[in-house]
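Asks: Line by line, the protein sequences give chains A and B. All the letters of the first sequence, read from the start, carry residue numbers 31 to 206 under this note's numbering. All the letters of the second sequence, read from the start, carry residue numbers 5 to 104 under this note's numbering.
Just so you know, the hints here were simulated from the structure itself, not pulled from any lab data. Hints are not guaranteed to be accurate.
Quick list of in silico lysine to any residue cross-link-like pairs, SDA-like style, CA-CA up to 20 Å [said to hold, decoys possible]:
#1 A:Lys108 with B:Pro97
#2 A:Lys167 with B:His89
#3 A:Lys108 with B:Ala72
#4 A:Lys151 with A:Arg55
#5 A:Lys151 with A:Ala35
#6 A:Lys108 with B:Arg90
#7 A:Lys108 with B:His89
#8 A:Lys167 with A:Ala35
#9 A:Lys108 with A:Met97
#10 A:Lys108 with B:Ile50
#11 A:Lys167 with B:Arg90
#12 A:Lys151 with B:Gly93
Some but not every residue of chain A turned toward chain B, in silico, with C-beta under 8 Å [what the hints assert, rightly or not]:
#13 Phe69
#14 Val86
#15 Met107
#16 Val175
All of these numbers come straight from a predicted model, not from anything done at the bench. C-beta: ideal position from N, C-alpha, C; glycine also.
Now for the letters of each chain:
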Amino acid sequence: MTIYAIIFYLLALLILGSTAMAITRRNLIHAVIYLIFSFFGSAMLFYLLGAPFLAVLEVIIYAGAIMVLFLFIVIMMKLKTGPERLFPFTQWLPAAICGVIYIAIGFGVVISEPGSRITLKTAIADPGVFGQYIFEKHWLSIEIVSLLLLVALIGALLLGRRSKKAPAAKASEGEL
Amino acid sequence: MIVPFGHVLILAGLLFLMGMVCMVVRRSLIMILLGVEIMLNAAAIILVGSSLLFQQLEGQSIVLFVFAIAGAEVSVGLALIVWAHRQTGSVDPRDYNLLK
């Protein structure tokens, strides 16, 4: 077992543990902060798998921007973190059955597939080369994604605008 | 030499399953959105792993677009949650029954 394998398994434990903590917390702020740890683990995993630029982006976008946005919303809305009841078991029993079948099939596929036994070799994608590749091969997608972000920005602004007239029905008509 | 590719797949699969459980079981819109984020992150891990397996940059470039889409999705989703919270005073999907 090489040092890289040890790092991988440690990171996997960190990611799975902190995500499991995140999805079981009652307090939303605690959940978000555990998830930040999980995303830091993913960033280190990206670095290990040879994507340093994506590791940086993961820290900046996921851990930095998205999770802080969640934190702001949770703090701003002053949610009561009282006893949040889960859905009744009978309601999500089908989902649980599907999940178990999914796990079984997934493990079966991964174990039986010979391609999954290939050991990954360490390599690194130089950020400069990566950037050049992106703008040579995917320049149109970059433009489309930038338009998508602009549309999302305008949509978020429209939805977040506080209407002058307070009545709920009127506001919903005007804004939707 | 890191690990067999199958282990990356299993890690990402478990992470995806956790996101799905979070989406299905929790009863708060914010936790549902967090579940979506966890699932997108699991997909990104598989893409980076397969990009290393095949020694191609395609996987990594898809992850870049996944990040952008996650950003757009979370901003619109949180704006919708704030709007719904303003209308009904709750983030529990049970309370959205205006049409009832």
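Asks: Would you mind marking each hint as holding or not holding in the structure?
Replies: Hints and how they fare:
1. A:Lys108 with B:Pro97: Holds: A:Lys108 and B:Pro97 sit about 17 Å apart, inside 20 Å.
2. A:Lys167 with B:His89: Violated, because 43 Å separates the two Cα atoms, which is more than 20 Å.
3. A:Lys108 with B:Ala72: Status violated; Cα separation ~28 Å.
4. A:Lys151 with A:Arg55: violated, 37 Å
5. A:Lys151 with A:Ala35: Holds, because 11 Å separates the two Cα atoms, which is no more than 20 Å.
6. A:Lys108 with B:Arg90: Judged against 20 Å, a Cα distance of about 12 Å means the pair holds.
7. A:Lys108 with B:His89: Roughly 11 Å separates the two Cα atoms, so the pair holds.
8. A:Lys167 with A:Ala35: violated, 33 Å
9. A:Lys108 with A:Met97: holds, 17 Å
10. A:Lys108 with B:Ile50: Distance of about 36 Å is beyond 20 Å: violated.
11. A:Lys167 with B:Arg90: Not satisfied, since the Cα-Cα distance of roughly 44 Å exceeds 20 Å.
12. A:Lys151 with B:Gly93: violated, 53 Å
13. Phe69: Given a least distance of 7 Å, the restraint on A:Phe69 holds.
14. Val86: violated, 11 Å
15. Met107: holds, 6 Å
16. Val175: With a closest approach of 4 Å, the A:Val175 hint holds.
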